[in-house]
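Generate coordinates for the entire structure from the input sequences, incorporating the hints supplied.
From first to last, the protein sequence lines are chains Y and C. Sequential numbering of the first sequence, starting at 1, is according to my numbering. Sequential numbering of the second sequence, starting at 1, is according to my numbering.
Hints are computed from structural coordinates only; laboratory data are not their basis. In this text the structure is predicted, and so the values were computed from the model without any measurement. Errors might be hidden in some of the hints.
[Said to hold, decoys possible] In silico lysine to any residue, SDA-like type, Cα no more than 20 Å apart, as pairs:
#1 Y:LYS78 with C:LEU131
#2 Y:LYS28 with C:GLY61
#3 Y:LYS28 with C:GLN77
#4 Y:LYS28 with Y:LYS49
#5 Y:LYS49 with Y:VAL133
#6 Y:LYS25 with C:THR135
#7 Y:LYS25 with C:LEU131
#8 Y:LYS150 with Y:PRO135
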Amino acid sequence: MSVRIKDYPGREVAIEELKERYVAKEYKAVLRYAWSSGVAIGSFLDGLKRGIILGRRCNKCRRILVPPRMYCEQCFRKTDSWVRVKDTGEVKTFSISYVNVDASRRREPIIVAVVELDGASKDVGILHILGEVKPEKVRIGMHVKAVWKKEEERKGAITDILYFKPR
Amino acid sequence: MVLKRVGIVGIGYEGFRPSLPDISTREMMFMAASRAYEMASVDPRKDVDTFICCTEDFWEGWSITDEMVPDQIGAAQRPLCTVTSDSINGIANAFMHIQSGLSDVVVVEAHSKVADVVTKEDVENLGLEPLYLRTAGVDVDMLAALEMDYFMRAASVSRANLDELIVLEKRNGLKNQRASYGMVLSREDIDSSESLVEPLKKYDRAEYAEGSVVAVIASEDWIKKRKLDAIYIEGVGWSSTLPWYDGGMVEKAEYVERAFKMARKVAGKSYTAKSFDRVEVDDTYSYKAFQHLFALGLSKEDVVEGVKSGQFNKGGGSMGAGNMIEANGLYRVLEAYTSLENEGGQALVVSWRGQPTATGGVLILSG
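As structure tokens, then:
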């Protein structure tokens, strides 16, 4: 887990025990959504399926936004054109996580990072994970490259990029 | 202390369709906001002091929705808050921002992207009290049907009265270019339509629609300085009361009665519901329109006559344009605004937060 922590103290309360001892009435809501991705994110996801990363340029502030937006939030105007950015970039910030999204513990960490893509504006980055690198080797400014799923396995999702690896 | 007069200087919308699969919520909001700002001649990045967005996390499908709404309405890095209620409450908040001196210009946005919600009934049912209502197997349409039955008996409102309202509003919807559910309907069509929960029929409940409405609201001083035209907000009120099933009133919507009283107090005038050239009233269920109109002090004869003469919801109301959840209030304001801009006069707007609430708001507008 870490150099100092080899195990966690205390006892984790299991879901079943929680229900049995503490919950008066259980209710399970079935909440399902099918969000319209819209023009910007729809095109971005379609690009990922084709193995390319798309951004939008604002001609007023000259920023290139990735993921793309049909409007510039700074200038409050429609963005002007599509731009294809590279699938390489540098790590702007990262964190080594020992917890899963459900707050359960991980023994093998996951490295989450914000990657500033080559061709996008400064400080415009996408959130993803790093792979093929040991946690202690990750550095701010490290150059990375996307590792894509095989073309036939891509679905038009951010997970069409498996991870970014050092280059 | 003389309080500032407050007016609406621009209103824009996008959508008003059963489903808008080709644009995202954010893109829809951006278009509505762009139209409102163009109409009001304002730059949201410079001229607007505060922004209010009426939104409910469960309808959006993500929590802390307020964090996701500023950019598309020009509010990036600017003061913005959300109001989780019908958009009349958002306008009431804007009114207070201006009257308190906090702001000169406030933007209010509300929207529905309800076709994105696959399990709408589950979101509706999450509004029910969890320990004794929800788990008893009750849903919001059952509550509506029970209230409808009780109301019709208590207030002597007949099936024919409701049918007349539905037929007229559906026809009014056909005359309104932004209304998606306008149609020529007969009483026989209603009679033979699907029964949801007796006595509630399919046509008694407005169908859902998607859209965004944005209003630019400003102080009279600012409006005069910019030499703009405005529709003024003379009074605003809102109230929550006990739902009928917990002992609240059923013959009339007490929350509307109280909200109307508050709005008249704010306006400083003794209006009656008959004082207005146009009345936009919540009709997301047919019987609720009657219940809301009774709460304004109108008699059954007044309401029946008003329905016949097309005095209420001239644009088709929610029966014609669809139920746009939190945006319902702003939709009614849009209809009233358009009418007052063209014809002048005064309008009364009545909104309701929907089942299972007993919460509503009232707005008094003058052209």
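- prompt: Is it true that the CA of Y:LYS150 sits at most 20 Å from the CA of Y:PRO135?
  reply: violated, 26 Å
message: Next pair to validate is Y:LYS28 with C:GLY61; report whether the Cα-Cα distance is within 20 Å.
response: holds, 16 Å
query: Straight-line Cα separation of Y:LYS28 and C:GLN77 no greater than 20 Å?
result: Violated, at about 37 Å.
- request: Please work out if Y:LYS49 and Y:VAL133 have their alpha carbons no farther apart than 20 Å.
  value: violated, 25 Å
query: Is the straight-line distance between the alpha-carbon of Y:LYS25 and that of C:THR135 20 Å or less?
result: This hinted pair holds, its Cα atoms lying about 8 Å apart.
- prompt: Quick one, are Y:LYS25 and C:LEU131 close enough, alpha carbons at most 20 Å?
  reply: Status holds; Cα separation ~7 Å.
- prompt: Y:LYS28 and Y:LYS49: Cα distance at most 20 Å?
  reply: violated, 35 Å
query: Given the proposed pairing of Y:LYS78 with C:LEU131, does the C-alpha separation stay at or below 20 Å?
result: violated, 48 Å
The structure fails hints 1, 3, 4, 5 and 8 (numbered hints given earlier, in ascending order).
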